[in-house]
Structures are given as structure tokens and as C-alpha cells.
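> Each chain, written out:
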Amino acid sequence: MFYLLDLFGTLAFAISGVLTAMNKKMDPFGVFVIAFVTAVGGGTLRDVLIGRTPVGWMLDLNYVYTIIASFVIAVLFRKKLEKLRKSLFLFDTIGLGVFTLIGLEKGLETNLHPTICIALGTMTACFGGVIRDILCNEIPVIFRKEVYATVCILGGTVFFVLLQLNVPESIVYLLTPAVMIFVRLLVVYYKLSLPSLEREQ
Amino acid sequence: MFYLLDLFGTLAFAISGVLTAMNKKMDPFGVFVIAFVTAVGGGTLRDVLIGRTPVGWMLDLNYVYTIIASFVIAVLFRKKLEKLRKSLFLFDTIGLGVFTLIGLEKGLETNLHPTICIALGTMTACFGGVIRDILCNEIPVIFRKEVYATVCILGGTVFFVLLQLNVPESIVYLLTPAVMIFVRLLVVYYKLSLPSLEREQ
Amino acid sequence: MFYLLDLFGTLAFAISGVLTAMNKKMDPFGVFVIAFVTAVGGGTLRDVLIGRTPVGWMLDLNYVYTIIASFVIAVLFRKKLEKLRKSLFLFDTIGLGVFTLIGLEKGLETNLHPTICIALGTMTACFGGVIRDILCNEIPVIFRKEVYATVCILGGTVFFVLLQLNVPESIVYLLTPAVMIFVRLLVVYYKLSLPSLEREQ
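Protein chains in written order, with the UniProt record's numbering: chain A, 1 to 201; chain B, 1 to 201; chain C, 1 to 201.
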């Protein structure tokens, strides 16, 4: 179940990569690489920084197949995807929750401090998009307006608070992404965003 | 012989880095770093992702010396290099073949699936250029028009098909880059490129 | 003492990150990530390339706390920091010396060749800024005009020459950053910079 959600998240992230790359007039190889990096970039960075190598997607081909499928779907149905925006957004939010959870888990397995685990969760969920934006020569969108990362940090904090309160693990694993998904939907519904920090005024 | 070709490829990639960086009005340090990264960036990324550390060029100084030599040659003879474009292109194509082969080999040594090995071969040959373009603040050229990466993927496929057919290894190691070099020359000669995937039309 | 200087350098680098990011109209999360990456990016890259994982800042939370403190200070006092430029520049120069020294040391511990150690020292001191500039979508400033990296290479060379001359280690560890700080102040005072290498003239 969890694994399936992970592949769902991978699918959503890969599709968002395809759509971004096609706007940049890239050729099919470029579009595929961007899709790949958007989907597994965050987890890859996490694995490299904690020393889990070969990195995850090299050992489980289902990720590669999922991304290839996303690529084909997104290229064939690019016009229709515009209309499916809401479903895509839901997938993406599920991905956000699941990826954060996976990052938190790997941090715990490596015996790292909760603060670092939260950083790893956020990295897993957000840095695929950061690498995508860098490859597309743009300032990463999550540095400018999305509350994306804030939701991950919140999720990580909820996770450790619940564990501290001796809430059973299975419930923690359900509640954490539930809170994240709820908050993100709320934020998008009310169009909230963090204020930008400008210098000199 | 193989090792010599590897250093040839390093030389060609480093020179292409110097020429790109000089167009961006960088200072000598910047030019050197770009040359370095173009030459060893792909292999470094590969080594980091599969966990072969310290990465290759740290353990064999010949790569460093080759890049320093390329830097000096390219800076001194920058005007004449324009005229030598064809030879440079040939070096570069040899580098492409050899680097792909090295990536395939490291993937096999790490017991990874053929699909992942092909990805590693392509990464070794292409990602030095990708990092070069990111450092120069451009959308990577191989994502937009070159058939560069496609040739690497083709080479990797040929490699595994031949192995599957029980062709002796030494012949596989000769045929793979030969096919790649032949296809690339053909592609450039006939000015072929992949169509770009644009959204909305 | 050395450790304290390291945290001082981290503070200075993080503040420079905050100031750069605020000029780009990033939101608080973006500003924090840029501060983080500027401060620990060089050391993280070094650790990944030589295989020391989990990377340094994951195992010692003092770096994280220092960066959080820098972030808060820089955001609260952004107007006053302009006037403190000279002190900041001094911190930054101390950071440059200390970070280079740490890179040299890790290289020696990993039994790498002096040339590679000098590269690691330079990387530790300079690549945080490079990653900061890439995330801000600019060509890295040290590739264009600063003599920053040259000072690191000089420092690394001095370090190994002194070791070769059998100068006691404690003196080498004091003299190396002293020479670097002196040269950098001199360079900035006389407004020296390396000439840019342009093609075609």
C-alpha cells in the first residue's frame, strides 16, 4: 500500500517534470531526464548525503518503469492533462506526504537527530523540483512562493511529536501525511503564501 | 590502449569546456573549473551515485594532468582551435564512445541491471556537459538539440544485445564505440536531430 | 579554538547567503536554504566526493544551530549589516582560511595526493558560494572576478611546502590561514583581479 503510494507520487512528480520541460522546448531526451530528475532527484540527493549507495532507483526498476510510463502518458495526453489539473494536484500532494515520510524513515534508520531527519524528509519531497528548476535555468519555484517546503517541515515536526507522545507507529505513519495533505489543501484553497523577505524595506 | 583513448576523450571534453567558458568571459580559475567539470563531471556523478569513493580522478592524477594540459593548450591556441574544429569533433566523438563504455563497465562491476548500466554509460558521457552548461547558466545543450545522448543509449543497447548473443567480450568492446562513432558521424553529416516536444500544438 | 573559528566562518558564509537570497526576493524558506547551502555546501560536496557519509553537518548539530542563528540575525538586522560590511568581510576571510585548512586536513586523512588535497581545500572554501549562485540562477561570481579561489590554491601550496620543510604542524596550521588572510586583504586593498580570458582577442 505504502509502496503503491510511493509509485503514485513518483508518477505525479514525473508528470510535473514532463510538463515543465515541454514548456522549455526541450527534445524528448531532455524531457525524459527532467521527468526522471523531478521524480527521483530528492531521494537521490538524500541517499548520496547519508551514504546509501547505489542510490534507491538503481536497485528497484519499478521506479524507472513508472517514470517511463509517466513520460509516455504525459507526452501523448499533454492537451488533456491541463483539464486534469486537480487530479494531478492531488497526486502531487500525496507524493509530498509519502516522500516526506520516506525521508524521515531513512533518517531514523541511519540514527540521525530528529532535526536532520526533518531536513531529509523535506529534501526527499522538495529537491527533485529544485534540481528540475536548475536544469531548466530558473530560480527554484519553492524558494519563491510555494508553501510546499513549509508543509514538509510541519509534517516532520508532527511525526516526531506524535512519536514522543508514544502514539503507535502505524497511526503516526497515517496521521503525518494526512495532516500534510490537509494543510496543503487548506493553504491552496485560501491562497496563502509566505511573505518574501526583501532587503531595504 | 583503452586507457589512452580515455585520456584522449578527457582532453577533448576539457578543451570543449575551455572554449565554452571563454565565451562567458570567465577568469582563468573559472575557465579551469569548467574544463575540469566538463571532463570528469559525468564520471564523478556516476561514482557518487554508485558509491565508488573517493571518486576516480582523485586516485589517478593522470586525469588532472591531462586537464591541465588541455587548459594550457586551449588558452594558448584559442584562435587556431577554431580551424581544428573537425579534429576536435573527432576526439569528442571518441570520448563519447569510450566514456559510455566505461560507464557500462562500472555498472556491470556493481552488479546493476542492464537498464541502469545504460543510464550510467549515458551519464558518464553526457553529464559533464550538463554540469558545464549549468555552471555557465544555460539550459543544457543536450536537452535541446543534440542527438548526443541518444547515441549513448543506442551504444549501451548494442553492448548488451551483443553480450546476450555471446559475442566475445573483446569484440563487444570494439564494436560498441565503433557503432556509436559511425552513427554520430552519420547524424551530424545529415544534420539530423530529434524533434522538440512542445506543449499545446 | 579551531572549532570556534570554523563556526565563525560558517556564520559569515551563512550571512552572505542570506543577503544574496534576499536580493532575489525569495521567501523565508528559500533564504534559509541558500544560507545553509552557502555555509555547508563546499564541505558537503567534499565529503560526498571522498565518501565520508553521512556528511559532516548531519553529525554535528552546532552547524545547523549556527546557521539558524545567522539566518535570524541577518533577517532582523538586514539594514545594519550594510554598515558592518568590513567586519563581515573579515569574518568571511577567516572562514576562507579555516575552511581551506579543514579541506586540506580531510584530504590528508583520506591519504590523497597533495594536488587533490589542495583541490579539496579550495572546494571546501569556495563551492558553497558556487552552489549559492547556481540556485540564484547566476554565473558563479568566483568564476568571473574574485581572486577568492586563487588565495585558496596559494594557501594549499604554502601548507604543503611548509610540511615538506619539516616546519612543526602547529605552526603550519597557523601560518597557512595567516598567509591567506594577508594576501586576500592585500588583493582587495589594491583591487587586484585576474584578467578574463576572452576568445578571439
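Treat the hints with care, as some may be off.
Reference excerpt, derived from the structure (chain C facing chain B, CB under 7 Å, subset only) [what the hints assert, rightly or not]:
id, residue
1, L45
2, L49
3, G51
4, P54
5, V55
6, H113
7, I116
8, V141
9, F143
10, R144
Hints listed in this document are in silico derivations from the structure and should not be mistaken for laboratory results. Ideal Cβ positions, reconstructed from N, Cα and C, are used throughout, including at glycine.
> Hints first: check each against the structure and report whether it holds.
Right, here's what the structure says about each hint:
1. Look at L45 of chain C: its Cβ only gets to about 10 Å from chain B, farther than 7 Å, so that hint breaks.
2. Evaluation of the L49 of chain C hint against chain B yields a held restraint, the C-beta minimum of about 5 Å falling below 7 Å.
3. Restraint check, G51 of chain C versus chain B: the minimum CB separation of about 3 Å is within 7 Å; hint holds.
4. Using the Cβ-Cβ criterion of 7 Å, the hint placing P54 of chain C at the interface with chain B is not satisfied: the shortest such distance is roughly 13 Å.
5. Here the hint on V55 of chain C is broken, as its CB sits about 12 Å from the closest CB of chain B, past 7 Å.
6. With a cut of 7 Å, the hint placing H113 of chain C at the interface with chain B holds, because the nearest CB-to-CB distance is about 6 Å.
7. For I116 of chain C, the shortest C-beta to C-beta distance to chain B is roughly 5 Å, which falls under 7 Å, so the interface hint holds.
8. Interface hint status for V141 of chain C: violated, as the beta-carbon distance to the closest one in chain B is roughly 10 Å, over 7 Å.
9. Because the closest C-beta pair between F143 of chain C and chain B is about 3 Å apart, less than 7 Å, the hint holds.
10. A cut of 7 Å between beta carbons decides the hint on R144 of chain C: the least distance to chain B is about 6 Å, and the hint holds.
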